[in-house]
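Protein sequences appear in the order of chains A and B. Count along the first sequence from 1, then add 8; that gives the number in our numbering. Count along the second sequence from 1, then add 796; that gives the number in our numbering.
Hints are computed from structural coordinates only; laboratory data are not their basis. What you are looking at is a predicted structure, and each value in this text was computed from that prediction instead of being measured. For every residue, glycine included, the Cβ atom is placed at its ideal position computed from N, Cα and C. There may be inaccurate statements among the hints.
[Said to hold, decoys possible] Cβ-to-Cβ under 7 Å is the rule here; a few derived chain A residues that face chain B:
{"#": "1", "residue": "V32"}
{"#": "2", "residue": "R35"}
{"#": "3", "residue": "D117"}
{"#": "4", "residue": "E134"}
{"#": "5", "residue": "I138"}
{"#": "6", "residue": "L163"}
{"#": "7", "residue": "A208"}
{"#": "8", "residue": "H237"}
{"#": "9", "residue": "S240"}
{"#": "10", "residue": "V277"}
{"#": "11", "residue": "P278"}
[Claimed, not checked] Once the Cα atoms are required to be at most 25 Å apart in a straight line, the calculated SDA-like pairs of lysine to any residue come out as:
{"#": "12", "chain 1": "B", "residue 1": "K995", "chain 2": "A", "residue 2": "E284"}
{"#": "13", "chain 1": "A", "residue 1": "K51", "chain 2": "A", "residue 2": "I27"}
{"#": "14", "chain 1": "B", "residue 1": "K995", "chain 2": "A", "residue 2": "V281"}
{"#": "15", "chain 1": "B", "residue 1": "K995", "chain 2": "A", "residue 2": "D231"}
{"#": "16", "chain 1": "A", "residue 1": "K51", "chain 2": "B", "residue 2": "R1064"}
{"#": "17", "chain 1": "B", "residue 1": "K807", "chain 2": "B", "residue 2": "L874"}
{"#": "18", "chain 1": "A", "residue 1": "K156", "chain 2": "B", "residue 2": "V1090"}
{"#": "19", "chain 1": "B", "residue 1": "K1037", "chain 2": "A", "residue 2": "Q287"}
{"#": "20", "chain 1": "B", "residue 1": "K1020", "chain 2": "A", "residue 2": "K51"}
{"#": "21", "chain 1": "B", "residue 1": "K1020", "chain 2": "A", "residue 2": "P312"}
{"#": "22", "chain 1": "A", "residue 1": "K285", "chain 2": "B", "residue 2": "K807"}
{"#": "23", "chain 1": "A", "residue 1": "K285", "chain 2": "B", "residue 2": "E992"}
{"#": "24", "chain 1": "B", "residue 1": "K995", "chain 2": "A", "residue 2": "E283"}
{"#": "25", "chain 1": "B", "residue 1": "K1037", "chain 2": "A", "residue 2": "K51"}
{"#": "26", "chain 1": "A", "residue 1": "K156", "chain 2": "B", "residue 2": "E1070"}
{"#": "27", "chain 1": "A", "residue 1": "K156", "chain 2": "B", "residue 2": "I1067"}
{"#": "28", "chain 1": "B", "residue 1": "K995", "chain 2": "A", "residue 2": "Q292"}
{"#": "29", "chain 1": "B", "residue 1": "K1037", "chain 2": "A", "residue 2": "V281"}
{"#": "30", "chain 1": "B", "residue 1": "K1037", "chain 2": "A", "residue 2": "S273"}
{"#": "31", "chain 1": "B", "residue 1": "K995", "chain 2": "A", "residue 2": "P312"}
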Amino acid sequence: MTNDNILLKVQDLKKHFPITQGIVFMREVGSVKAVDGVSFDVKRGETLGLVGESGCGKSTTGRTILQLHRATAGHVYFTGADNQTVDLTAIQGEPLRKMRRKMQMIFQDPYASLNPRMTVGDIIGEPLIIHNVARGKEVNERVQELLKIVGLNPLFTNRYPHEFSGGQRQRIGVARALALQPEFIVCDEPISALDVSIQAQVVNLLEDLQEQFNLTYLFIAHDLSMVRHISSRVAVMYLGAIVELSSRDELYNNPLHPYSQALLSAVPVPDPVVEEKRQRIILQGDVPSPINPPSGCRFHTRCPIAQSICSETRPEWRDMGGGHWVACHLVQ
Amino acid sequence: MVDLLEVKDLKTQFHTREGVVHAVNGISYTLGEGETLGIVGESGCGKSVSVLSLMRLIPEPPGKIAGGQAMFQGNDLLKMSQDEIRRVRGAQIAMIFQDPMTSLNPVLTIGRQLTEALEVHLGMNSQQSRERAVELLNMVGIPQAEDRLSDYPHQFSGGMRQRVMIAMALSCNPQVLIADEPTTALDVTIQAQIVELVKRLRDELGMAIIWITHDLGIVAGLAKRVIVMYAGFIIEEAPVKELYGDPRHPYTLGLLGSLPRVDETAHRRLISIEGLPPDLLGLPQGCPFAPRCVYAMDRCWKENPPLESVGPGHYKACWVDTRQGRAQ
Chain A
9 MTNDNILLKV QDLKKHFPIT QGIVFMREVG SVKAVDGVSF DVKRGETLGL VGESGCGKST
69 TGRTILQLHR ATAGHVYFTG ADNQTVDLTA IQGEPLRKMR RKMQMIFQDP YASLNPRMTV
129 GDIIGEPLII HNVARGKEVN ERVQELLKIV GLNPLFTNRY PHEFSGGQRQ RIGVARALAL
189 QPEFIVCDEP ISALDVSIQA QVVNLLEDLQ EQFNLTYLFI AHDLSMVRHI SSRVAVMYLG
249 AIVELSSRDE LYNNPLHPYS QALLSAVPVP DPVVEEKRQR IILQGDVPSP INPPSGCRFH
309 TRCPIAQSIC SETRPEWRDM GGGHWVACHL VQ
Chain B
797 MVDLLEVKDL KTQFHTREGV VHAVNGISYT LGEGETLGIV GESGCGKSVS VLSLMRLIPE
857 PPGKIAGGQA MFQGNDLLKM SQDEIRRVRG AQIAMIFQDP MTSLNPVLTI GRQLTEALEV
917 HLGMNSQQSR ERAVELLNMV GIPQAEDRLS DYPHQFSGGM RQRVMIAMAL SCNPQVLIAD
977 EPTTALDVTI QAQIVELVKR LRDELGMAII WITHDLGIVA GLAKRVIVMY AGFIIEEAPV
1037 KELYGDPRHP YTLGLLGSLP RVDETAHRRL ISIEGLPPDL LGLPQGCPFA PRCVYAMDRC
1097 WKENPPLESV GPGHYKACWV DTRQGRAQ
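This is chain A alone, in the form it adopts within the complex:
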């Protein structure tokens, strides 16, 4: 942990949700292995994109890092600007609450993530009061400043969320995340509920803020085009595990894992001339259940090039050079 460039180090993180049966004596009959052994680093000032299909555990990974879910196993080391490294999975109560100032979240659904009974001022001001950063008139001043930063009228403090459109609400969510001047923000599909022309507004805002405040993002999304646009490095998740991680251009130009290849080829390009020539890799079937994931490599049931070894042993997480990591037996 001497590398001062690394803000967050995730080590073999697991999150299993128990499945219980019975009412009074709830027996555990199995578990949903939502995240099952995920390791990666996030460097200071970068945007790490985390992509995958629904149910692959990308949101659970983000939430477990922020300790909104407690991890089943594994560690999350956070190194703040003060150069103190803390294992977030080992602390709780007051020490954890203090750490929360440094890491915030922007949620997917701007309609569900803002309390409809609170004014915008209360929503953005609440973290300031809870963390004792400001009080009295200062709170209102800071809220107005934050509204200005995210491109909203500072006089909106007394309005309620329903008076705003989806894009504007997402800006309020961004302002709330910024209130405590965090170092790290998990953006959990912040634009997927928005219309195309509004998506660009929010993404441009996130990019500007990153530059202005030197923020580090974990950008969770299923839209591979947007992830390519915003990320510096990208991790691809499948069924609770990361299958490939590399710098953005390397991953998009030279995907090594068969799942990444299929995923990239499935994304439509808004250009009929390109579309005419493209060859698609069409995966058969659906993602298997995370309750009982396939043995060995989890992708082997849908993999077009799977061999017998793939169903027997879980592939190692290997560095193929230049920070291009992949988990596949067949990549040379």
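Fit chain B to the supplied structure of chain A, relying on the hints for placement.
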């Protein structure tokens, strides 16, 4: 190409307590035999309402088809009686919907839902319809079709349910298939499966398709002609390559500029269209896009531009020549 469907000046409104919502404001287009037409636009632009009006699936009241014509095989769909339209719906014009989770009946087996249309429209007996149902499920790539007939929708995954929906829509060999955002609720690899399936079936069966979506990417690889809608108006219409290669309306330009591409190499700032789509309760007098338009001039605020030809098969509704950046 022979015109199969001709829509003229279609207007649909919703009478609500707050006032009249002008969802579709006089749109006209044609659909040729075997042609794939894409309709794109953001939520609330009237793309779904426009095709639901054709199928007469708008709840009346509060909805009302306020005017226009939709000629299909010499008959006006909008003037048909309930009995007549029922014979067209599902048999000659079929539809697949956005959400495969809610558009299947959860308490009927897949088999029952498939055979119902066959018995009603084609007068098959239960033996024949069952055989045809198995054939249809095989056609859309559902394994063990015979056994799955007795399954209920909840036993299928999202992608599989959408396949069942497609099988149902194609059961009576329709001439027109209307697909209303059929892949929006699906993951990208499943979306690719469904798009590939529809392309294959289109080539095999030769039906015409109206594909409605907000995703300019899907339409690029699927449609021959594309209509862009905004606030209930058609603002641009062009052959697919022309629309992407030489967009002429400021809104289309903005939409294409706001999309990041999976094959983009250099980082560029996305073009964002500032502001919001207009409230359809009270449409502005001029061009509905004027408040968000970077090219807007005085005339745009006063008069709504008509759809005019700018090239072969290429129409746009705009007073400004976006190539010059000034008025025509």
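Hints and how they fare:
Checking A:V32 against chain B: minimum C-beta separation of about 28 Å lies over 7 Å; hint violated. Checking A:R35 against chain B: minimum C-beta separation of about 25 Å lies over 7 Å; hint violated. Interface restraint check: A:D117 against chain B, minimum CB-CB distance 15 Å, threshold 7 Å, status violated. For A:E134, the suggested interface contact is broken, since its CB lies about 27 Å from the closest CB of chain B, more than 7 Å.
A hinted interface residue such as A:I138 counts as satisfied when its beta carbon comes closer than 7 Å to some beta carbon of chain B; here the least separation is about 32 Å, so the hint is violated. Taken as an interface hint, A:L163 does not check out: its beta carbon lies about 18 Å from the nearest beta carbon of chain B, beyond 7 Å. Because the smallest distance between the Cβ of A:A208 and any Cβ of chain B comes to about 4 Å, under 7 Å, the interface hint for this residue holds. For A:H237, the interface hint holds, since its Cβ comes within 7 Å of a Cβ in chain B; the closest pair sits about 4 Å apart.
Interface restraint check: A:S240 against chain B, minimum CB-CB distance 10 Å, threshold 7 Å, status violated. Taking 7 Å as the C-beta contact cut-off toward chain B, the hint placing A:V277 at the interface holds, the least distance being around 6 Å. Among the interface hints, the one on A:P278 holds; its C-beta lies about 4 Å from the nearest C-beta in chain B, closer than the 7 Å criterion. Straight-line distance between C-alpha atoms of B:K995 and A:E284 comes to about 13 Å, which keeps the hinted pair within the 25 Å bound.
This hinted pair does not check out: A:K51 and A:I27 have alpha carbons roughly 36 Å apart, beyond 25 Å. A C-alpha spacing of about 17 Å is found between B:K995 and A:V281, which places the hinted pair at or below 25 Å, so the restraint holds. The suggested pairing of B:K995 with A:D231 holds, with an alpha-carbon distance near 23 Å, which does not exceed 25 Å. A distance of roughly 23 Å separates the Cα atoms of A:K51 and B:R1064; the hinted pair therefore holds under the 25 Å criterion.
Restraint check for B:K807 and B:L874: satisfied, since their Cα atoms lie roughly 11 Å apart, inside the 25 Å limit. Taking the CA atoms of A:K156 and B:V1090, the gap is near 23 Å; set against the 25 Å cutoff, the hint holds. Taken as a hint, the B:K1037 and A:Q287 pair is honoured in the structure, with Cα atoms around 19 Å apart against an allowance of 25 Å. Proximity of B:K1020 to A:K51 is assessed by CA-CA distance (about 45 Å); at most 25 Å being required, the pair is judged violated.
Taken as a hint, the B:K1020 and A:P312 pair is broken in the structure, with Cα atoms around 31 Å apart against an allowance of 25 Å. Distance hint between A:K285 and B:K807 is unfulfilled; the C-alpha atoms sit about 39 Å from each other, more than 25 Å. Between the alpha carbons of A:K285 and B:E992 the distance comes to roughly 14 Å, so the proposed pair stays at or under 25 Å and holds. Of the supplied pair hints, the one linking B:K995 and A:E283 holds, its CA atoms being roughly 13 Å apart against a limit of 25 Å.
Of the supplied pair hints, the one linking B:K1037 and A:K51 is violated, its CA atoms being roughly 42 Å apart against a limit of 25 Å. Restraint check for A:K156 and B:E1070: satisfied, since their Cα atoms lie roughly 16 Å apart, inside the 25 Å limit. For the hint linking A:K156 to B:I1067, the alpha-carbon distance of about 21 Å falls within 25 Å, and the restraint holds. Distance check on the hinted pair: B:K995 and A:Q292 sit about 17 Å apart at the alpha-carbon level, within 25 Å; holds.
Restraint check for B:K1037 and A:V281: satisfied, since their Cα atoms lie roughly 7 Å apart, inside the 25 Å limit. For the proposed pair B:K1037 and A:S273, the alpha carbon gap of about 21 Å is at most 25 Å, so the pair holds. Between the alpha carbons of B:K995 and A:P312 the distance comes to roughly 22 Å, so the proposed pair stays at or under 25 Å and holds.
Checked against the numbered hints listed earlier, the structure breaks hints 1, 2, 3, 4, 5, 6, 9, 13, 20, 21, 22 and 25; every other hint is satisfied.
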